[in-house]
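Chemist: The residues making up each chain are set out below.
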Amino acid sequence: MTADAAGAVVAGAVDRQRRTVRADRAIVSAGIVGLGVGALLFWQFALGLIIDTRYVSTPLEIARSIVALAADGSLLRNAQATLGEVTIGYLIGVGIGLAGALLLLMSTGGYEILEPYLLAFYSIPKIALAPLLTMWFGLGPTPKVVLAALMVFFIVFINTVAGVRAVDRSLVDVVRVMGARRLTTLRVVLLPAAAPAIAAAIRVTFARAMVGAVLAELIASSEGLGYLVMRASRQFDIASMFAGVVVIASIVMVVNLVIAAAERRLFPWASGTVHG
Amino acid sequence: MSTSAPAVRFQSVYKAFIARERAAQPILALEDISFVANPGEFVSLVGPSGCGKSTCLNLVAGLTAPSAGLVEHQGARVSGVNTKVGYITQDDNLLPWRSLVGNVELGLEFRGVPAPERRRRARELIDVVGLIGFEHHYPHELSGGMRKRASIVRTLVYDTDVVLMDEPFGPLDAQTRVILQAELQNLWQRSRPSVLFVTHDLVEAIALSDRIIVFTNRPGTIKREYRVDLPRPRDIFHIHETPGFSDLYDALWADIRAEIGAAHAPVAGERIA
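Top to bottom, those sequences are chains C and B.
The numbering of the first sequence is this note's numbering, which starts it at 939 and goes up by one.
The numbering of the second sequence is this note's numbering, which starts it at 621 and goes up by one.
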């Protein structure tokens, strides 16, 4: 009898809490959609009253331009070119960044010796190297790949080193006393502990790889999304320029979502809340 | 007397270190420390904060070296990390990305014990501390007491002859502490390693130990040693009703209070509120 009463109270409370959560979520979703739609409507119908639409185009024109670019195949061709450069550059940057960090961490004093040079390298705005890379490697995909890799390498490198160095000393000590040798400690403690920092670096650097490749394309290229934007700009085709930008941003967003999902899958402890 | 070497021996051990790179004065943490822990003996180290008790454990574990003197484990000088002792730290230091059983198996894994035997030995001890059913939970899914049990069996599972414990029950609530003290006594009696146990809790020290070593303020020296002759196995939950408990507690507390008093004695001219 009393058990039934308690059950009813619990069920009621759970029900109310669920409804509150659902209502809160609905408000947030409505806000997100509303803001986006509002901005687009403003751009479409009201922005022209303030600024000449020749300079800012309109969402509908941009959409039409994307459809046209898709229809004649140039969107796919150029997106493929850019995505190829970005992917190769990104993988090279991540690989060298990870491998370099691990090698230095295994050595004694290696990181300390290289640190000032690495920081000097970090201070160079990589973008400023784009014209130089174009001179060295020509108009093909190579300078794009190199710039994308440079944009990625340092971030992955420094985050791997910092992540491993931030691991709780006492955790490492305990595992060493338990009998783990140097390489075992790296595998069992240091890398898993640093994995969230490394994974975050690997996730955020994809956008940087895209910046590097597109930028190199803007300097000099005959294909790619950057080339598409550049060509449109020479023709004063604002809608197509925006179309290129929208496509670039969409690719980065989709890839980020995929990497973030993989991250949650691989490192569940990093996102899990810690209970008392 | 048996001829076997003591499990742990400190002989005129000094430990000095500099707190910061440009610190003017080095800190003397330990001064002329000599004591032994015999095989199977449970020895507690008590004393005021910062008196170097934990440093003693780090010396036995080989995580730090003495500035002078000798630290021996089973008759051999400790130099470099000593993997032949177990070390249970104040924080549970479980690996967050490994399940409970994965953490407990760690030491066996490092020793190359084959997987089926690892599983069997880990399960056996997990059972003793009542954590069956939680083997595949991750540390963040366990309560503080459960994590502490896990960290204790993780160290006991690979059967070292010496176990170091640094205030293992410090962060726990009062009820959980007493329950875990009783469980520790049971676990210890299964394999009877020598234990060096650092604690601030005098009741805990009396309840668990064969011998209690009282340290002075920094630089830590040994002030006195007490033998705890209460019969075993002890009823941890009612230890304060055991004959002989009060006298020992009062004597220990008088020693510790004198040390705390010495550290906080008012300087000449200072007004006492």
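Calculated directly from the structure, the hints in this document are not laboratory data.
Even glycine gets a Cβ: it sits at the ideal position worked out from N, Cα and C.
One or more of the hints may lead you astray.
[Claimed, not checked] Sample of chain B residues with no beta-carbon within 10 Å of chain C, all distances over it, derived:
1. S632
2. I647
3. L648
4. E661
5. G682
6. R697
7. G706
8. D711
9. E744
10. E755
11. Q795
12. R844
13. E861
14. G864
15. D867
16. E879
[Claimed, not checked] Over 10 Å on every C-beta distance to chain B, these chain C residues come out as not near it, computed from the model:
17. F1059
18. P1069
19. A1133
20. A1145
21. A1199
[Said to hold, decoys possible] Derived Cβ-Cβ restraints for the label pairs, each shown as a range:
22. G764(B) / V994(C): 57 to 63 Å
23. R847(B) / V947(C): 53 to 59 Å
24. R956(C) / R810(B): 47 to 53 Å
25. A735(B) / V1142(C): 34 to 40 Å
26. P853(B) / V952(C): 45 to 51 Å
27. I1065(C) / G753(B): 55 to 61 Å
28. E744(B) / Q955(C): 38 to 44 Å
29. Q955(C) / E861(B): 19 to 25 Å
30. R810(B) / S1045(C): 39 to 45 Å
Chemist: Now, for every hint given, state plainly whether the structure supports it.
Modeler: Results of checking the hints against the structure:
1. Every C-beta of chain C lies more than 10 Å from that of S632(B), the closest at about 24 Å, which supports listing it as non-interface.
2. Against the 10 Å criterion, I647(B) stays outside the reach of chain C, whose nearest CB is about 19 Å from its own CB.
3. L648(B), annotated as away from the interface, keeps every beta carbon of chain C farther than 10 Å; the closest lies near 23 Å.
4. Every C-beta of chain C lies more than 10 Å from that of E661(B), the closest at about 21 Å, which supports listing it as non-interface.
5. Its beta-carbon lying about 8 Å from the closest one in chain C, G682(B) breaks the requirement of being farther than 10 Å from that chain.
6. No beta-carbon of chain C is positioned within 10 Å of the beta-carbon of R697(B); the least distance is around 17 Å.
7. The beta carbon of G706(B) sits about 8 Å from the closest Cβ of chain C, which is not more than 10 Å, so the claim that it is off the interface is violated.
8. Not every beta carbon of chain C lies more than 10 Å from that of D711(B), the smallest distance being close to 6 Å; the non-interface claim is violated.
9. Annotated as non-interface, E744(B) keeps its C-beta farther than 10 Å from every C-beta of chain C; the closest such distance is 18 Å.
10. At roughly 17 Å, the least C-beta separation between E755(B) and chain C is larger than 10 Å, which holds for a residue marked as non-interface.
11. Even its closest Cβ contact with chain C, about 15 Å, leaves Q795(B) beyond 10 Å, as expected for a residue assigned away from the interface.
12. Taking the minimum C-beta to C-beta distance to chain C, about 30 Å, the non-interface status of R844(B) holds against the 10 Å cut.
13. For E861(B), the condition that its CB be more than 10 Å from all CB atoms of chain C holds, with the nearest at approximately 32 Å.
14. Consistency note on G864(B): stated as away from chain C, and its beta-carbon is indeed over 10 Å from all of that chain's, at 36 Å minimum.
15. For D867(B), the requirement that its beta carbon stay farther than 10 Å from each beta carbon of chain C is met, with the minimum near 37 Å.
16. For E879(B), the shortest C-beta to C-beta distance to chain C comes to about 26 Å, beyond the 10 Å cut-off, and the non-interface label holds.
17. No Cβ of chain B approaches the Cβ of F1059(C) within 10 Å, the least distance being about 28 Å, so the stated non-interface status holds.
18. With a closest Cβ-Cβ approach of about 45 Å to chain B, P1069(C) is found to remain outside the 10 Å limit, as its non-interface label requires.
19. For A1133(C), the condition that its CB be more than 10 Å from all CB atoms of chain B is violated, with the nearest at approximately 8 Å.
20. Every CB of chain B lies more than 10 Å from the CB of A1145(C), the least distance being 27 Å, so the non-interface label holds.
21. Every Cβ of chain B is farther than 10 Å from the Cβ of A1199(C); the closest lies at roughly 19 Å, confirming the non-interface assignment.
22. Taken as a hint, the range 57 to 63 Å holds for the pair G764(B) and V994(C), whose Cβ atoms sit roughly 59 Å apart.
23. Evaluation of the 53 to 59 Å hint for R847(B) and V947(C) yields a pass: the beta carbon distance comes to about 58 Å.
24. Hint check: R956(C) to R810(B), Cβ distance near 48 Å, so the stated range 47 to 53 Å holds.
25. Taking 34 to 40 Å as the suggested C-beta distance range, the pair A735(B) and V1142(C) conforms, at roughly 38 Å.
26. Between P853(B) and V952(C) the C-beta distance comes to about 47 Å, which sits within the given range of 45 to 51 Å.
27. Taken as a hint, the range 55 to 61 Å holds for the pair I1065(C) and G753(B), whose Cβ atoms sit roughly 57 Å apart.
28. The hinted range of 38 to 44 Å is satisfied by E744(B) and Q955(C), whose Cβ atoms lie roughly 42 Å apart.
29. With their beta carbons about 48 Å apart, Q955(C) and E861(B) fall outside the hinted range of 19 to 25 Å.
30. Distance hint check for R810(B) and S1045(C): the Cβ-Cβ separation is about 44 Å, which falls inside the suggested range of 39 to 45 Å.
Checked against the numbered hints given earlier, the structure breaks hints 5, 7, 8, 19 and 29 and satisfies all the rest.
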